[in-house]
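J.: Hey, can you work out the whole structure from these sequences and the hints?
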Amino acid sequence: MKFEQFSHKPLEEQFNNREAIEFPGGNVEVVDIDPETKKTEIPVLVAPGWTATAEVFKNNILTLAEAGRRTISISAPHGIETEEIENFPEAELRKVAAVTEILEEKNIEKIDAVGHSEAGIYLTIAATLHPEKFRNIVFVDPGGMIGEDKIENLSTRFSADTVQQIINGIKDRKLIKPMTKIFSEAGKSISSSPLKSLREVLAISDSQIHNLLRGLKKKGIGISIIHAVDDKAFPMDRVQQIAKADQLDGFYSVKGTHNQFVLKAKEYTQLADEALTALESKKLNKNKNLESV
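Just so we're aligned, residue 1 is where the sequence shown starts under our numbering, counting upward by one.
One should not assume that every hint holds.
[What the hints assert, rightly or not] In silico DSS-like links for lysine-lysine, alpha-carbon gap of 27 Å or less:
1. Lys58 - Lys171
2. Lys217 - Lys106
3. Lys264 - Lys181
4. Lys38 - Lys282
5. Lys110 - Lys218
6. Lys217 - Lys110
7. Lys177 - Lys58
8. Lys286 - Lys218
9. Lys181 - Lys171
10. Lys283 - Lys244
11. Lys171 - Lys264
12. Lys266 - Lys174
13. Lys133 - Lys219
14. Lys39 - Lys219
Derived from the structure by calculation, the hints contain no laboratory data.
T.: As structure tokens, then:
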């Protein structure tokens with residue numbers, strides 16, 4: 001399938017000019033924003049978390065595009081049909097397939113990624129299976145980084161985080177609009193397949209990615225984490241117990257709850273952009289040092 005090249009239309013117009021692509025087992029809606037002036041030729045993928053879509057991350061996507069990054073995102077809450085691979089949950093492999101198929105469709109050889117929540121799990125799996133496709137990854141409040149978990153505990157923590165978001169929204173009315181979008185898109189995704197949604201929650205509670213991150217770093221993929229101190233879904237103290245220097249290049253502690261990346265999109269996405277730039281610089285400096293030896 002061939003994609004038309006953008007003629008540098010306004011960024012929001014490009015966001016609205018999405019294309020739905022049909023694959024076995026599901027459709028993938030693709031956002032591709034190509035700014036006229038780019039800071040890097042490597043695109044960045046904004047990967048949504050559980051039940052989320054590109055619409056939820058609109059302001060994040062536009063902020064990265066405004067920063068000079070060709071920005072791609074997908075809406076495929078339950079992924080697409082794929083083959084089973086031992087040791088990886090099928091629910092996450094469906095989302096891995098959605099990512100890798102879109103990269104192939106768009107002839108993208110290498111990409112950076114910013115992944116929120118559950119996306120931390122399926123991006124890690126995607127990079128493990130296809131390390132040549134990924135340059136740098138910034139995980140925002142990622143799943144799979146708190147050690148052993150149980151679905152009932154995960155559900156309780158997500159509920160507590162949601163309550164805190166609502167309380168914060170009562171105090172700061174500017175949070176209501178993005179919060180409503182999160183809940184609205186989640187409702188659509190869950191109602192489209194309650195069983196798949198449940199399997200995804202099970203996969204999140206069962207997944208641990210820290211050992212895989214260690215392998216990705218050894219292969220030269222830059223890895224940073226941005227994590228909110230008041231994230232009740234994936235508590236900061238548990239993440240800090242798991243995260244080690246041999247897994248990561250950077251760790252950024254920020255204020256807020258689990259969905260702060262969406263609720264304060266511009267501020268937190270600018271940090272994600274800075275984290276990507278730092279990873280790029282670190283890699284560039286390393287290459288220069290190797291050349292000088």
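J.: Quick one: which hint numbers does this structure break? Sort them smallest to largest.
T.: none
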